[in-house]
Amino acid sequence: MIKILFFAALRERLDCEQYLLSCDDKILQVADILQQLQSRCHNWQLELSRNDLLCAVNQQLVPLTASVQDGDELAFFPPVTGG
Amino acid sequence: MSIFVAVQSDDFCVASEYDELRQQANCGAIVTFSGLVRELSNNILHNMTLEHYPGMTEQALIAIAEQAKQRWQLGAVRIVHRVGTLKPQQQIVFVGIASAHRAAAFAACEFIMDYLKNQAPFWKKEHTAQGDYWVAAKVSDQQALARWE
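Order-wise, the sequence lines are chains A and B. Under UniProt numbering, the residues of the first sequence are numbered 1 to 83, in order. Under UniProt numbering, the residues of the second sequence are numbered 1 to 149, in order.
Extracted from the complex, chain A is given alone in its bound form:
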């Protein structure tokens, strides 16, 4: 299982905080998972296609080409605005 988290404006627009994805012990690319999530509905397609989307695997910022496997925590969020 891969735990997928969404934050801030993205969480609100998707109306989803957490999503569990079974992955059958396969190693996947973040981009593959993103594609799978986009195919859920038109709204998810739109929101998860934004080119400023950021991604973290196990709480580290990574590019969409990064790999993910069973047990990993994946997160998607908009550009950060702290400070």
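It should be emphasised that the hints constitute simulated quantities derived from the structure, not laboratory data. Quick reminder that beta carbons are idealized off the backbone N, C-alpha and C, glycines included. Possibly wrong hints are sitting among the right ones.
Unchecked claim - Once the Cα atoms are required to be at most 16 Å apart in a straight line, the calculated EDC-like pairs of lysine to aspartate or glutamate come out as: (1) B:Lys124 to B:Glu51; (2) A:Lys26 to A:Asp52; (3) B:Lys69 to B:Asp114; (4) A:Lys3 to A:Asp25; (5) B:Lys138 to B:Asp114; (6) A:Lys3 to A:Asp72; (7) B:Lys124 to A:Asp72; (8) B:Lys138 to A:Asp52; (9) B:Lys125 to A:Glu12.
What the hints assert, rightly or not - Derived contacts from chain B toward chain A, CB cut-off under 8 Å, selection only: (10) Thr32; (11) Met56; (12) Lys69; (13) Val93; (14) Trp123; (15) Val135.
Unchecked claim - Chain A residues, not near chain B, derived (Cβ > 10 Å throughout): (16) Gln29; (17) Gln45; (18) Ser67; (19) Val80.
Place chain B on chain A using the hints.
Frame of chain A, contents of chain B only:
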């Protein structure tokens, strides 16, 4: 070098943070920065909510402090960032650096704020008289990173 990072809803005291930095031996310079909630034009801001990614936030701040340590000779770095609901003029963030000489402390303080603005997973939502809005990331914050590359 000592690194201290805190993500908290409670307010912080700049004087206490400064005193902690002053305990560092062999340091002749301390530079501190505080970021506050800025009022919007027409005074329409009621308050602001700061959301974060628990766990990742602390790791990201430590990683930024470690990067600063690689670049400059520093004695101590303290970063405190608040989350939750904050009103105009309230404190959001504190960055304090102790080092042997001022140049390293000034530079490291700016470096840490520039990276925090772009890499630490915090998000601001403004609650105003005209509605609630997520704050958009600024291009100028992204451009500020270029000077460190």
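Outcome of the hint check:
1. B:Lys124 to B:Glu51: Holds, at roughly 6 Å.
2. A:Lys26 to A:Asp52: Outside the cut-off at roughly 27 Å; violated.
3. B:Lys69 to B:Asp114: Holds: Lys69 (chain B) and Asp114 (chain B) sit about 15 Å apart, inside 16 Å.
4. A:Lys3 to A:Asp25: 14 Å, holds
5. B:Lys138 to B:Asp114: Answer holds: Lys138 (chain B) to Asp114 (chain B) is near 12 Å, not above 16 Å.
6. A:Lys3 to A:Asp72: 7 Å, holds
7. B:Lys124 to A:Asp72: 27 Å, violated
8. B:Lys138 to A:Asp52: The given pair, whose Cα atoms are some 12 Å apart, holds under the 16 Å limit.
9. B:Lys125 to A:Glu12: 12 Å, holds
10. Thr32: Violated. Min distance 14 Å.
11. Met56: 4 Å, holds
12. Lys69: Lys69 (chain B) check fails; min Cβ-Cβ to chain A is 19 Å, beyond 8 Å.
13. Val93: 5 Å, holds
14. Trp123: 4 Å, holds
15. Val135: 5 Å, holds
16. Gln29: The assertion about Gln29 (chain A) holds, with a minimum of 20 Å to chain B.
17. Gln45: Consistent with the label, Gln45 (chain A) stays out of reach of chain B, its closest Cβ about 20 Å off (over 10 Å).
18. Ser67: 18 Å, holds
19. Val80: Given that some Cβ of chain B is not farther than 10 Å from that of Val80 (chain A), nearest at about 5 Å, it is violated.
The structure shown violates the earlier hints numbered 2, 7, 10, 12, 19.
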